[in-house]
Amino acid sequence: MDQSLARFSESISFDHRLYKHDIRGSIAHARMLAKEGILTDPEFLQIERELLSIQDRIERQELPFRIELEDIHMHIEQALIDALGDVGRKLHTARSRNDQIATDLRLWVRDQLDHVDELLEQLQRAFLSRCDLDHGVILPAYTHMQRAQPVLAAHYWLAYMEKLQRDRSRLADCRRRVNCCPLGGAAVAGTSMPIDRQMTAQLLGFETLAANSIDISSDRDFAVESVFVLSMIATHLSGWAEEWILWSTTEFGFLKLPQAFCTGSSIMPQKVNPDTLELTRGKSARVIGNLQTLLFRLSKALSSRPRPSPKGSIKATSMRQR
Amino acid sequence: MEAIMLQGIPQRTAHHKVGALVALAKEQNITLAELSDQDFLKVDPNFVGKSLRKSLGVQGAVESYRSLGSSGPEFVAEQIALWKNKL
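For the record, the sequence lines run as chains Y and Z. Heads up, the first sequence is in the working numbering, so the first residue is 1 and it goes up one at a time. Heads up, the second sequence is in the working numbering, so the first residue is 323 and it goes up one at a time.
So here's chain Y without its partners, still in its complex pose:
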């Protein structure tokens, strides 16, 4: 392959972060293959041990990533084959990279949603603790950027509690649809091998089983939906940041930001810049932009080449599969 094409088509530079989920999915798949008699028990144990050792090597950065191997799946599989030969070659049985990537991505997204939920809960606790700290403090509430009615500061913080709670509720709802197992969909039509999809789904902690192999190969709704939920969160965080930027100005002077979260100006020594809040606002733009990107990419799933861009992130339903 031409080097420039390899550089153009590689995805290892960003899908390397799926390594742990890819390995988890592969171990579950191999365990199922062993139960079905497609692998022997010793073969499964060899594969499991080697995959865990590969995971270890990746974590210690001892497995160099090469663009010739394209993606994380190929890196892991190649390392497995290098170590185990033909036994390693047996792992990728009754499985396609199509259902493999869909599985990896769902496992990864599921973990990320859980992580974000934890972060939101921490933020809620922080807002709640301000309610006690600001007991009795009265602030103006604004409409049309004009002073409207006086309110308790705690009432403001509780408004954010509500927004964040809706975000968490959306995360939980979205998680249910993310938590559906595509493994076993194979390339696009399923497989004639005797696989047990229930078993792999259960091993991977999926709540439901995706019902249609054609749908499996193209479904990335869960990714788009997740990014929508994140966009909503970003919108809330951005609004909060905007409010506090304004409130921390000399003109408003409602609050004083901790020095540790601000930066100075190189030329105006009197300035304390609310960088953290400005960056919160700025970064939210990227999240919201990504939603548009994913929606557009998904809407072109049939008319474009079946190869996704980035590879593996959105997979088209097509007769031409890997």
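Worth flagging that the hints you see were computed from the coordinates, not collected in a lab. It is possible that part of the hints are untrue.
Calculated lysine-lysine pairs in the BS3-like style (CA-CA distance at most 25 Å, straight line) [said to hold, decoys possible]:
| hint | chain 1 | residue 1 | chain 2 | residue 2 |
| --- | --- | --- | --- | --- |
| 1 | Y | 163 | Y | 256 |
| 2 | Z | 408 | Y | 163 |
| 3 | Z | 406 | Y | 163 |
| 4 | Z | 376 | Z | 364 |
Chain Z: place on chain Y using the hints.
Quick look at chain Z alone, frame taken from chain Y:
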């Protein structure tokens, strides 16, 4: 405004009358609470400054909110307790 509405004056009328009070206060460059009894009576012969003054000022206004979900101190305290229980 809501204090005079509680005396049975329709919101549309009350809005107008408070507007007149605000204009008087602006004229003298003082707050509503600082208006004289005479000023209150000028806008409406039924206005008694003393009873209206206690609902003026931010503290009085906040304490007067009484709808569910409002910024009234007891509702806010209740919400804080609910959240503490929930998290």
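Hints, verified against the model:
1. Y/163 / Y/256: holds, 23 Å
2. Z/408 / Y/163: The given pair, whose Cα atoms are some 15 Å apart, holds under the 25 Å limit.
3. Z/406 / Y/163: Measuring from Cα to Cα gives roughly 16 Å; hence the hint holds.
4. Z/376 / Z/364: holds, 19 Å
The structure meets every hint from the earlier list without exception.
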